[in-house]
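Novice: Assemble the whole structure, with the sequences as input and the hints as a guide.
Protein chains in written order, with this note's numbering: chain A, 1 to 562; chain B, 1001 to 1251.
Just so you know, the hints here were simulated from the structure itself, not pulled from any lab data.
Beta carbons are placed, not taken as given, at the ideal position from N, Cα and C, and that holds for glycine.
Some hints here could point you the wrong way.
[As the list claims (entries may be wrong)] Cut-off 30 Å, straight-line C-alpha distance, at most; resulting in silico cross-link-like pairs (BS3-like, lysine-lysine):
no.	chain 1	residue 1	chain 2	residue 2
1	A	Lys354	B	Lys1078
2	A	Lys26	A	Lys498
3	A	Lys354	B	Lys1082
4	A	Lys430	B	Lys1082
5	A	Lys354	A	Lys38
[As the list claims (entries may be wrong)] Chain A side only, calculated, beta carbon under 7 Å to chain B, not exhaustive:
no.	residue
6	Leu320
7	Leu329
8	Met346
9	Ser379
10	Val459
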Amino acid sequence: MTIAAESKTIEHGGASHNGEPTGMYKWLTSTDHKVIGKSYMYTSLVFLLIAGSMAMIIRAQLMSPNGHVVSQQMYNELFTIHGSIMLYLFAGPFAFGGFANFILPLQIGAPDMAFPRLNALSYWLYLTGGTTMLLGFFTAGGAAAFGWVAYAPLSSYTNAPGPGPDLWIIAIALTGFSGIFTAVNLVTTAFYLRAPGLTMFRMPIFTWSMVVTGMLILIAFPILTAAMIMLYCDRHLGTHFFTVSGGGSPVMWQNLFWFFGHPEVYILALPYFGMVSEIVPVFSRKPVFGYKGLVFATLAIAALSTGVWAHHMYTTGTVLLPFFSALSLLIAVPTGIKVFTWIGTMWGGNISFKTPMLFVIGFIVTFVMGGMTGVMLASPPIDFAVHDTYFVVAHFHQVLAGTAIFAGFAGFYYWYPKLTGRMLRESLGKLQFWMAFIAFNLTFIPQYLAGLRGMPRRVPVYLVQDHVTFLNQLSSVGAFVTFLSFVVWLVNLWVSWKKPIAAGDNPWDGHTLEWGTSSPPPHHNFTSLPPIRSQRPVWDANHPEHADHLNHELPKKEAIRR
Amino acid sequence: MRTVRAGVRSFSELKLTRKLGVVLIGALALSSCNPTFGAYRGATTQGKDIFSLYQGFWYTAIGVAIVTFGALLFVVIKFRRKNDAIPVQRHSNVPIEVIYTVIPAVIVAVLFFFTVKVENRVTAVSAAPNLRVKITAFQWGWRFTYPNGASVVSQGANYPQMVLPVGETTTVTLVSQDVVHGFYIPEFNFSRYALPGFTNYFDLNPTKVGTFIGRCSALCGLYHSEMLFSVRVVTPTQFQTWLSQQKAATA
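Specialist: Put into structure tokens, the structure is as follows:
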């Protein structure tokens, strides 16, 4: 009942068909998921460039043991806001606000999101939150300087006075609400607005990933937002949630924060895994290998991720139960399933290495490296040795930044034609990939070694006798070249803007419904839908002799000969 | 036709055996030269235990990397696009899916077994240690207090030195008087948070005489990077002499 009522609201409540607003006014007022999705994407990419510039200053400071590029206070502010932007304002919103918003309704054949106005509210909360965080730099005391994890009591009013930290807290709370609203919206959309014939087990893996991510957000983000409000009350209203003197517990903050923080890691990663699971089949010309296994692996990762938060807290000595180690190690199994599924999809395929596919390969390589060091960190004794060192910094940059950048750009190059109707240049795309891939690993592999030599994270200076100077210089050079690779991407955007090459509806021979409409899609997305009889309706329509619903498993001998 | 096929199969089996052999010999060669994989070997019994666990994880990681990256390299080279053909549309292969689920599960079970074993040894606190040292962390320094009242504390730009006897068990009582700090000695392969309002206990059994750098590992404010100290491990007799001298100096 509500479903019908809801879709009627969309028909009449959205932007009117005739006299449709254009230009700036369209961007400001639209409730169209495609416009909001693009706004999310470009806004988060601007945040990526801002956080990237901060990383450049950080790496410049670490070029020598006693760098004087910025003051110690400024350094602490820079890495705090760098981390906060990357985690709260880039990696999540880029995939979950941007790609999911634009692609998910198209993939399930829906005209828009279930709640278009709530969707617009999400975006504006996100932009407001992000701007609020940056405003901290313009206050007298500077921005927050307690790290993106804001450990109590370093984040108390006594230890971190001034409005900068308050702005940070408010920014996170606003972004938190934005994420919750988007999650409600996406999950509802995927459950209620699927086109006829599109059953749950015919949803593309990308859509599945977003549904599972949405549920994880609904579990984790309310905890974060609540913890932020508690922190604010401690700072200004005299409560004692996290202060020892009032009977509170600083470790409580860590429990709350990481109960959000570890699901958050998968909230950031799962959407990108979803993108990879779309790109690999298309460029291999095969269906995804082990579809149901992949869906259950995604669900298993989500379930396990709610029970592993304490592996961030082994060195507190308060949570040394082997339980947390067991669950953390166990996450390697469904994650491994994903990697083998991607390789299984390529196996026996006819793989074309266009830019999106190259970025996918780069993602798999960095992700597996970061995953293996992640298994080491899941073991408490090893964590005792390297906790809070550059080993950890290298690990989470390889898994998180590696995923968001490599899988993120794979997705961007893959769906850009659908977003704009234009192609990006292959030559520039490949140049960007090779620069980013080599430089990214040059940045982070030396950091593992620096961490093992005993270099702690979050330090603006280090000792000559630690013998990490050369490693840091390698890392800095790598970081600078990684940043240059983004410039190549900007040039690519500019070229595609100035000298457009028309993309057509389906430039990659895509499988899923978004490739069954025009590029960019019309208002309310589809003028007609192909019949949906499998996970790949567009493939079925374009290759009727190889359609999935025929369900022809060839005899083994012929399969070998192809 | 049949015989040819059989021949091909046995040849590929041979190749597989050879590959396995190479992996095994490689692992043996690695373990015989006892590589550090970038880490310290550990200057305490606890640190040594952690180091050998770390080595074990690395051997596993190398095995996993060979299989995963090998398979990836293989498909990338073998199945790159040469023509416009549409390959066989294979959706799944249940036995293979079961294999790549079960084998990783077995691997992590083994890793977990050794993790628990080492964790229990490393976190064990002796009932009757040879020495108890109380360590207090504060912004931005350390205070090391010995049972006889002797103490060493950070003063200005002077980094304090903690002295420990070699071959004996020291139980550390670790607290913080303000924010969260991290008591970290890289060459001991060990760190533990100093928390306000919660006391941590752990044992150190130094096995090597020498001086080691120690530092704060958890961000604790503006001068976090300068919160350094050192640990000097001496013989028990030298330690007793130092302790009485230090007591006189403290008094």
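Novice: State for each hint whether it applies.
Specialist: Evaluated hints:
1. A:Lys354 - B:Lys1078: Cα-Cα ~16 Å, so holds.
2. A:Lys26 - A:Lys498: 22 Å, holds
3. A:Lys354 - B:Lys1082: 14 Å, holds
4. A:Lys430 - B:Lys1082: Roughly 19 Å separates the two Cα atoms, so the pair holds.
5. A:Lys354 - A:Lys38: Since the Cα atoms of Lys354 of chain A and Lys38 of chain A sit roughly 23 Å apart, the hinted pair holds (cutoff 30 Å).
6. Leu320: This interface hint holds because 6 Å falls under the 7 Å limit.
7. Leu329: 4 Å, holds
8. Met346: With a closest approach of 4 Å, the Met346 of chain A hint holds.
9. Ser379: Cβ of Ser379 of chain A sits 4 Å from chain B, so the hint holds.
10. Val459: Hint on Val459 of chain A: holds, closest Cβ of chain B at ~4 Å, below 7 Å.
Every hint, counting from the list given before, is met by this structure.
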